[in-house]
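Respectively, the protein sequence lines represent chains A and B. First residue of the first sequence? That's 1 in this note's numbering, and the numbers climb one at a time after it. First residue of the second sequence? That's 1 in this note's numbering, and the numbers climb one at a time after it.
A portion of the hints provided could be inaccurate.
[Claimed, not checked] Label-pair distances were calculated between CB atoms; the ranges are:
1) B:Lys108 - A:Ser55: 44 to 54 Å
2) B:Thr22 - A:Lys43: 17 to 27 Å
3) A:Leu103 - B:Ser71: 21 to 31 Å
4) A:Pro41 - B:Ala1: 14 to 24 Å
[Claimed, not checked] Taking lysine-lysine and the DSBU-like style, the derived pairs with C-alpha atoms no more than 35 Å apart in a straight line are:
5) A:Lys19 - B:Lys104
6) A:Lys19 - B:Lys40
7) A:Lys78 - B:Lys46
8) A:Lys89 - B:Lys40
9) B:Lys104 - B:Lys40
10) A:Lys43 - B:Lys18
11) B:Lys46 - A:Lys54
12) A:Lys43 - B:Lys46
13) A:Lys16 - B:Lys46
14) A:Lys43 - B:Lys40
15) A:Lys78 - B:Lys40
16) A:Lys67 - B:Lys40
17) B:Lys104 - A:Lys67
18) B:Lys104 - B:Lys46
19) A:Lys19 - A:Lys89
[Claimed, not checked] Which residues of chain B face chain A? A few of them, derived with a C-beta cut under 8 Å, are:
20) His35
21) Phe44
22) Leu47
23) Tyr50
24) Ser51
25) Phe99
The hints are simulated quantities; they were obtained by calculation from the structure and are not laboratory data. Nothing here was measured: the structure is a model prediction, and the numbers come from that model. All residues carry an ideal CB built from backbone N, CA and C; glycine is no exception.
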Amino acid sequence: EVQLVETGGGLVQPGKSLKLTCATSGFTFSNAWMHWVRQSPEKQLEWVAQIKAKSNNYATYYAESVKGRFTISRDDSKSSVYLQMNSLKEEDTAIYYCTWERLRGHYFDYWGQGVMVTVSS
Amino acid sequence: AIVLNQSPSSIIASQGEKVTITCRASSSISSNYLHWYQQKPGAFPKLVIYSTSYRASGVPSRFSGSGSGTSYSFTISRVEAEDVATYYCQQGSSNPFTFGSGTKLEIK
Numbered sequence: 001e002v003q004l005v006e007t008g009g010g011l012v013q014p015g016k017s018l019k020l021t022c023a024t025s026g027f028t029f030s031n032a033w034m035h036w037v038r039q040s041p042e043k044q045l046e047w048v049a050q051i052k053a054k055s056n057n058y059a060t061y062y063a064e065s066v067k068g069r070f071t072i073s074r075d076d077s078k079s080s081v082y083l084q085m086n087s088l089k090e091e092d093t094a095i096y097y098c099t100w101e102r103l104r105g106h107y108f109d110y111w112g113q114g115v116m117v118t119v120s121s
Numbered sequence: 001a002i003v004l005n006q007s008p009s010s011i012i013a014s015q016g017e018k019v020t021i022t023c024r025a026s027s028s029i030s031s032n033y034l035h036w037y038q039q040k041p042g043a044f045p046k047l048v049i050y051s052t053s054y055r056a057s058g059v060p061s062r063f064s065g066s067g068s069g070t071s072y073s074f075t076i077s078r079v080e081a082e083d084v085a086t087y088y089c090q091q092g093s094s095n096p097f098t099f100g101s102g103t104k105l106e107i108k
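If we strip away everything but chain B, and leave its shape as in the complex, we get:
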């Protein structure tokens, strides 16, 4: 199974700050199949970015993604209070689909 190493495990940021999360795969994956989810406390995960860089419906433009091969990143250009959540990467390039361990974003 492909292992996704996500870092950092937690971030404390100020509103308006730029934050970046990295997801590194144990083997190369197609950029078509690297995705990001946002999970707010007490809620189910919500798809934010699919296929590396495409924003899901209704997702603000401050969220973006990039990467290829084994290295991918997720960026919030200007963090807002409503972005407090845990973010997960997920690969669907090979079965079994796997998730990163999550990055918890908190606001100062």
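Bound conformation, chain A alone:
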């Protein structure tokens, strides 16, 4: 059974940092293309970042809204993907979902349950 479990969310002040972890199981993680997608309190979905597999040189891509502040990474030995979020802004407040792009079709086949990040003073 495929599982994606996000942890690391919480309440953080503007300008601070937070690191999200997505632990996965049930599939060959080392070949997987992984993404983070977030959903604002207004329910708008926004793609955040992608990391490809070792065979793709671990290429990474970011939404303009987070470029230079967020870093996606992975540890294939732990079947985990991470999102390091720095210089957080109030508009980063959202549920953050870890997703797996299983068939390279640029869609998200599997989703985690999500983790809430609240940026507020």
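Once you've looked at the hints, dock chain B against the given chain A.
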């Protein structure tokens, strides 16, 4: 970035009724990369239709999709009570991937 304009923003339908949601892209996208998700209250989004018209595993046949270029549609042929959800289109034709603003489906 490609903007997806989704309409209507909400639908109130009777059980058994046919409903259609439209997703219009700000520029042409490959039909291979237009997808639809269903998000029930309190849950994560679930892939329903991929590549314009292919149903994801386990999705009932009352769900369908069509379109090309800049205009796409999603149809539920006979709405059931369990279909209450918000539906989103998503394009993966060009980076950054983007989503429509969602259509909330309610039952009368």
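We went through each hint and held it up to the structure:
no. : hint                           : verdict
1   : B:Lys108 - A:Ser55: 44 to 54 Å : 51 Å, holds
2   : B:Thr22 - A:Lys43: 17 to 27 Å  : 19 Å, holds
3   : A:Leu103 - B:Ser71: 21 to 31 Å : 25 Å, holds
4   : A:Pro41 - B:Ala1: 14 to 24 Å   : 21 Å, holds
5   : A:Lys19 - B:Lys104             : 32 Å, holds
6   : A:Lys19 - B:Lys40              : 27 Å, holds
7   : A:Lys78 - B:Lys46              : 26 Å, holds
8   : A:Lys89 - B:Lys40              : 28 Å, holds
9   : B:Lys104 - B:Lys40             : 10 Å, holds
10  : A:Lys43 - B:Lys18              : 25 Å, holds
11  : B:Lys46 - A:Lys54              : 27 Å, holds
12  : A:Lys43 - B:Lys46              : 15 Å, holds
13  : A:Lys16 - B:Lys46              : 32 Å, holds
14  : A:Lys43 - B:Lys40              : 12 Å, holds
15  : A:Lys78 - B:Lys40              : 31 Å, holds
16  : A:Lys67 - B:Lys40              : 30 Å, holds
17  : B:Lys104 - A:Lys67             : 31 Å, holds
18  : B:Lys104 - B:Lys46             : 15 Å, holds
19  : A:Lys19 - A:Lys89              : 14 Å, holds
20  : His35                          : 4 Å, holds
21  : Phe44                          : 4 Å, holds
22  : Leu47                          : 6 Å, holds
23  : Tyr50                          : 5 Å, holds
24  : Ser51                          : 6 Å, holds
25  : Phe99                          : 4 Å, holds
Of the numbered hints given earlier, the model fails none.
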